[in-house]
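Novice: This is what each chain is made of:
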Amino acid sequence: MRPLTPRRILGVSLALVGVLFIECVISLRLGAYPISITDILKTLYYGVVGHWDNVPDEYRSVIFGIRLPRIALGILVGSSLSTAGAGFQALLRNPLADPYVLGVSSGAALGAIVSLIFAPHVVGAIQIAAFVGAAATVAVVYFLGRRGGQLDTATLLLAGIVAASFLSAAIMFLMTTLSGRDLRGMAFWLMGDLQTPPPIQNVPAWFAFLFTIFLVAAGAIYTTASDLNLILTGEQEARHLGVNVNRVKLVVYVAASILTGLAVSVSGAIGYVGLLVPHAMRFLFGTDYRLLIPTSIVGGAIAIVLADTLARTIAAPTELPVGAMTALAGAPVFIYLMRRRVR
Amino acid sequence: MNAETHGAGAGADTFTAYSHPPAVRLKAEQVSYAYSATDRTAPKFTLGPVSLEAHQRELVAILGPNASGKSTLLKLLAGLLKPLSGRIEIDGEDVSAMDLRTRAQRIALVAQESEMLFPLRVWEYVLQGRYPYGRRLRFETAEDCLMAGNALAQVGADALRDRWMDQLSGGEKQRVILARAMAQQPSLLLLDEPTQHLDIGGKVELLRRLRRLADENRYTVIVVTHELNLAAEFSDRIALMHRGKCLSIGSPDEVYQPELLEQVFEAPLEVEMRSTGRPRVLLRGRE
Amino acid sequence: MAVAGCCLLWAAVPVFAFVADAGQQSAASASARATKIFTDDSGVNVAVPVNVQRIVSLAPNLTETVYALGLEDKLVADTSYCDTPPAAKDKPHVGGPGNPSLEAIVGMHPDVVLATAMTTREAVDALRKLGVAVYYTEPHTVRAMLDTTQKIADVAGAQEKGAELVARLQARLDAVHSRLSERPLEHVLFVVWEDPLIVSGQNTFVADALKWAGGESAILASQDWPQISMEEVLRVQPDYIVLTPAHTETNNAKVAEELQARPVWRELRAVKLGRIALVNEEFIRPSPGLVGSIENLARQLHPEVFGAAPAPGSSSAPASTSGALLGATGECAACGR
Chain A
4 MRPLTPRRIL GVSLALVGVL FIECVISLRL GAYPISITDI LKTLYYGVVG
54 HWDNVPDEYR SVIFGIRLPR IALGILVGSS LSTAGAGFQA LLRNPLADPY
104 VLGVSSGAAL GAIVSLIFAP HVVGAIQIAA FVGAAATVAV VYFLGRRGGQ
154 LDTATLLLAG IVAASFLSAA IMFLMTTLSG RDLRGMAFWL MGDLQTPPPI
204 QNVPAWFAFL FTIFLVAAGA IYTTASDLNL ILTGEQEARH LGVNVNRVKL
254 VVYVAASILT GLAVSVSGAI GYVGLLVPHA MRFLFGTDYR LLIPTSIVGG
304 AIAIVLADTL ARTIAAPTEL PVGAMTALAG APVFIYLMRR RVR
Chain B
458 MNAETHGAGA GADTFTAYSH PPAVRLKAEQ VSYAYSATDR TAPKFTLGPV
508 SLEAHQRELV AILGPNASGK STLLKLLAGL LKPLSGRIEI DGEDVSAMDL
558 RTRAQRIALV AQESEMLFPL RVWEYVLQGR YPYGRRLRFE TAEDCLMAGN
608 ALAQVGADAL RDRWMDQLSG GEKQRVILAR AMAQQPSLLL LDEPTQHLDI
658 GGKVELLRRL RRLADENRYT VIVVTHELNL AAEFSDRIAL MHRGKCLSIG
708 SPDEVYQPEL LEQVFEAPLE VEMRSTGRPR VLLRGRE
Chain C
508 MAVAGCCLLW AAVPVFAFVA DAGQQSAASA SARATKIFTD DSGVNVAVPV
558 NVQRIVSLAP NLTETVYALG LEDKLVADTS YCDTPPAAKD KPHVGGPGNP
608 SLEAIVGMHP DVVLATAMTT REAVDALRKL GVAVYYTEPH TVRAMLDTTQ
658 KIADVAGAQE KGAELVARLQ ARLDAVHSRL SERPLEHVLF VVWEDPLIVS
708 GQNTFVADAL KWAGGESAIL ASQDWPQISM EEVLRVQPDY IVLTPAHTET
758 NNAKVAEELQ ARPVWRELRA VKLGRIALVN EEFIRPSPGL VGSIENLARQ
808 LHPEVFGAAP APGSSSAPAS TSGALLGATG ECAACGR
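Residue numbers (the working numbering), protein chains in the order written: chain A, 4 to 346; chain B, 458 to 744; chain C, 508 to 844.
Hints were generated in silico from the structure; no laboratory data involved.
We put the beta carbon where it would ideally sit given N, CA and C, even for glycine.
Treat the hints with caution; some may be incorrect.
With a straight-line cut-off of 35 Å between C-alpha atoms, the simulated DSBU-like cross-links for lysine-lysine are [what the hints assert, rightly or not]: (1) K45/A - K718/C; (2) K45/A - K581/C; (3) K45/A - K761/C; (4) K660/B - K532/B.
Every beta carbon over 10 Å from chain B, so not counted as near; a handful from chain A, in silico [to be verified]: (5) I29; (6) Q153; (7) F212; (8) T316; (9) A318; (10) L323.
Some residues of chain C that are not near chain A, with every Cβ distance over 12 Å (derived) [unchecked claim]: (11) T542; (12) T546; (13) E579; (14) D590; (15) A611; (16) G614; (17) R679; (18) P691; (19) L692; (20) D715; (21) Q730; (22) S736; (23) M737; (24) L766; (25) V771.
When you get a sec, could you build the whole thing from the sequences and use the hints?
Specialist: Structural data, given as structure tokens:
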């Protein structure tokens with residue numbers, strides 16, 4: 004009997020963080036603009052200490068202006084999506100659940116389209132409108148998904164599917180009214196795009212803001228990790244063991260929806276990550292949520308940074324959408340995992 | 458009821474004789490419940506009022522046909538439902554006033570089946586029974602592992618420790634589920650129709666185990682069942698339920714009156730008293 | 508615990524972002540060349556160096572304009588879609604027009620980047636944030652296209668070449684216009700895509716070019732590019748059907764034959780009478796080659812004014828009219844392909 008200890012969690016997490024770090028370094032090296040590793044390290048070093056004169060303008064632009072923000076956003080989005088996916092899989096008692104199954108991404112997309120129609124030139128309007136759309140969808144699905152005043156799993160799933168379908172229809176209708184340019188922009192957004200610049204001038208404040216939201220939501224889900232382990236063996240049984248099932252469901256629902264809304268608002272709907280990373284982490288490290296959540300956080304970051312790096316280097320200088328990469332890689336991985344489980 | 462004062466002779470191998478009356482563990486006083494389809498329609502079903510007592514080391518069977526209110530009564534005793542009137546106490550404390558964790562430390566409701574969404578090992582599953590002890594986000598201590606190990610040993614499932622839950626047979630799984638309930642270290646073990654999916658060998662094995670747990674480990678066990686003969690064989694007291702009312706509570710031979718049984722179960726039954734002092738119910742054949 | 512570890516990692520993110528921001532601000536102020544401010548079509552004031560040496564084009568029509576202005580030596584990169592003139596294909600590419608590679612553009616050290624609506628807003632914003640001068644153009648009419656040509660010439664420091672080219676193009680357009688001034692506009696179905704049937708509406712660039720060629724869209728719809736059903740076409744019975752390069756045939760007669768064999772299409776009066784016009788992709792592109800394409804379409808829509816209509820791929824036009832149409836220099840930027 005080897006129960007899970009904080010040491011093991013820390014050990015596995017740090018190992019994964021190490022992998023992520025190496026991946027980031029490699030990703031910083033790759034790109035249409037050639038810079039050697041030594042130049043990268045020099046640029047990073049001089050940048051951090053503030054000696055900008057030692058660094059060519061373009062290195063600065065490429066590393067700090069293009070690649071680093073993209074990697075940082077990728078980490079944030081990947082972590083958010085896979086944590087949300089793990090949460091939804093427990094909440095909905097369904098291994099096929101992904102963060103978008105409850106319609107959050109459709110709500111965000113609708114918000115984005117509406118902002119394109121009414122305020123196309125306002126900087127940051129898309130992100131805000133997308134988040135508002137996501138939040139509204141979460142609220143509506145919550146009220147639809149209740150039964151007897153509490154969140155009921157089956158009802159919630161149905162409510163989410165209905166909401167997603169309805170919103171998709173609205174989106175399709177509105178897309179016919181978009182101009183050519185907005186249509187193209189919308190298409191890229193829907194496929195997932197890590198290049199969207201921050202809506203406010205102050206980039207560090209923007210990232211700090213996103214990071215805070217992520218931490219709060221992911222932390223909230225983590226506090227229910229033990230509860231989720233129990234709920235996965237049966238809701239009634241969990242109640243008998245003293246779990247406040249209704250409260251846990253509400254917390255996970257809200258937190259996972261916030262994470263999804265956050266990810267989708269800043270980068271569009273990147274698929275497969277929220278579904279597959281938790282499964283891959285379960286396969287590697289076990290199904291205990293106290294370990295699964297940290298591994299999903301880092302695993303999601305690793306997955307998206309990998310996908311994004313491939314997206315911008317495989318067919319350089321053409322930039323492929325990140326969502327296409329995750330789908331291309333995701334489908335075979337999914338099939339492999341399915342076959343292993345069938346055993 | 459004390460086994461020694463039982464008139465029909467002590468079946469010494471199945472009962473432990475004790476000299477002083479055991480403590481009252483569970484006390485339900487005039488408990489009633491009702492539910493209806495909506496708030497405004499008349500109640501579809503009413504239960505009670507029912508009064509019931511169970512002592513340490515006692516195995517009580519709640520017996521009755523379908524829809525007699527057995528499961529509802531059990532849920533009330535477990536604290537899952539709040540009674541409309543009356544009071545349920547365990548070790549002197551009001552069950553409905555307890556918070557979830559305390560209740561889980563006192564009462565274990567044993568599930569029939571367990572659906573595994575993701576693969577889980579037996580020891581992980583049993584360890585989950587320690588959840589009521591400690592903070593919400595917690596890591597199992599050595600004591601937890603000890604308790605879980607004991608629980609597995611008590612149900613004879615120690616060898617199953619490292620197996621995957623979804624690879625167990627029905628009987629093995631049930632033992633493990635029971636072990637998890639026991640890892641909670643409850644005073645009261647509640648089971649709702651645990652013998653449903655088992656063959657006769659499994660049924661007997663389970664009830665023997667429950668009997669041993671009551672005798673040797675001082676549990677109070679309450680079993681909801683409709684198996685007349687098993688209840689008669691293994692329980693100390695029986696509460697006979699019919700259409701939401703408790704018609705009779707007492708030892709098996711007191712409760713198994715042929716006319717009463719026939720009325721409740723609506724079947725031609727006759728009762729035979731055996732030498733052990735326990736009744737046996739038979740189907741009255743054609744004359 | 509693990510949570511603390513993750514916190515530490517994520518704390519690194521804003522640190523880097525902080526540094527990134529500082530980096531960008533310095534980059535913007537480092538360039539100290541003399542600049543001039545131009546206001547582009549999106550209302551943004553773009554600071555372009557006075558002596559432009561390196562231009563990056565993010566759209567085929569812009570590339571074509573640059574070549575037409577004779578500035579191709581200053582064009583250091585274009586997109587993978589830029590194929591007019593053929594030499595443009597040999598220039599280094601920065602990706603597609605929609606989502607070009609920011610790194611590749613930065614690596615070209617451009618003095619100015621020319622962009623159109625084909626490039627996503629995000630890409631344009633990101634480039635501007637990196638300190639790159641992006642001049643955005645979005646002409647909605649033929650005249651606006653001429654203005655854009657002049658503006659691009661101004662931005663590139665080649666005003667005189669711009670004025671020359673614009674004057675020539677304007678003269679040709681005026682020539683066509685004068686010949687058609689007495690004629691009523693032909694009602695035209697301008698087919699952008701056949702399946703599903705997408706046509707040009709009223710307010711598009713194409714609609715304006717159509718007017719110059721003596722036609723107008725027969726479809727009245729609120730959308731710019733409405734998707735309609737054949738029923739509407741049957742109801743409206745346009746005088747001419749104009750097909751765009753989605754069609755592979757280049758011979759009017761053959762295309763007419765093929766349509767006459769198609770169900771529903773063959774019920775159209777225009778098909779029965781063989782009134783099919785073909786235009787190449789220049790027609791939907793706001794660039795100097797558009798003028799030649801307009802002339803071509805005008806010939807097909809109004810054959811009685813211009814004489815026998817040649818096939819759109821041929822470079823020979825009836826001698827009596829071609830001189831006046833092609834202008835003094837006999838130059839035709841786009842026809843003859």
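Novice: Give a verdict on every hint.
Specialist: Now for the hints, and whether the structure bears them out:
1. At roughly 60 Å between alpha-carbon atoms, K45/A and K718/C are farther apart than 35 Å, so this suggested pair is violated.
2. As the CA atoms of K45/A and K581/C are separated by approximately 33 Å, the hinted pair is consistent with the 35 Å bound.
3. Restraint check for K45/A and K761/C: not satisfied, since their Cα atoms lie roughly 65 Å apart, outside the 35 Å limit.
4. The suggested pairing of K660/B with K532/B holds, with an alpha-carbon distance near 22 Å, which does not exceed 35 Å.
5. The non-interface label for I29/A is consistent with chain B: the shortest C-beta to C-beta separation is roughly 33 Å, beyond 10 Å.
6. Look at Q153/A: its CB is around 14 Å from the nearest CB on chain B, clear of 10 Å, so calling it non-interface holds up.
7. F212/A, annotated as away from the interface, keeps every beta carbon of chain B farther than 10 Å; the closest lies near 26 Å.
8. Remark: the non-interface label on T316/A is consistent with the geometry, its nearest Cβ contact in chain B lying 36 Å away (cut-off 10 Å).
9. Distance check on A318/A: its Cβ is at least 38 Å (rounded) from any Cβ of chain B, clearing the 10 Å threshold; non-interface status holds.
10. No Cβ of chain B comes within 10 Å of the Cβ of L323/A; the nearest lies about 34 Å off, and the non-interface call holds.
11. Its beta-carbon lying about 16 Å from the closest one in chain A, T542/C satisfies the requirement of being farther than 12 Å from that chain.
12. Chain A leaves T546/C outside its interface by the beta-carbon criterion, the shortest separation being 15 Å against a cut-off of 12 Å.
13. At roughly 20 Å, the least C-beta separation between E579/C and chain A is larger than 12 Å, which holds for a residue marked as non-interface.
14. At the 12 Å boundary, the C-beta of D590/C stays outside the reach of chain A, the nearest C-beta of that chain being 16 Å off.
15. The beta carbon of A611/C is not kept farther than 12 Å from every beta carbon of chain A, the shortest such distance being approximately 4 Å.
16. With 12 Å as the threshold on Cβ separation, the claim that G614/C sits away from chain A is violated: the shortest Cβ distance comes to roughly 4 Å.
17. The beta carbon of R679/C sits about 27 Å from the closest Cβ of chain A, which is more than 12 Å, so the claim that it is off the interface holds.
18. Interface exclusion of P691/C from chain A stands, the closest Cβ pair being 30 Å apart, more than 12 Å.
19. Chain A leaves L692/C outside its interface by the beta-carbon criterion, the shortest separation being 25 Å against a cut-off of 12 Å.
20. Distance check for D715/C against chain A: the nearest CB is about 15 Å away, which clears 12 Å, and the non-interface claim stands.
21. The Cβ of Q730/C sits about 7 Å from the closest Cβ of chain A, inside the 12 Å cut-off, so the non-interface label is violated.
22. No beta-carbon of chain A comes within 12 Å of the beta-carbon of S736/C; the shortest separation is about 14 Å.
23. At roughly 19 Å from the closest C-beta of chain A, the C-beta of M737/C stays outside 12 Å, upholding its exclusion from the interface.
24. In this structure L766/C is separated from chain A by more than 12 Å, as the shortest Cβ-Cβ distance comes to about 27 Å.
25. With a cut of 12 Å on Cβ distances, V771/C stays outside the contact zone with chain A, its closest approach being about 23 Å.
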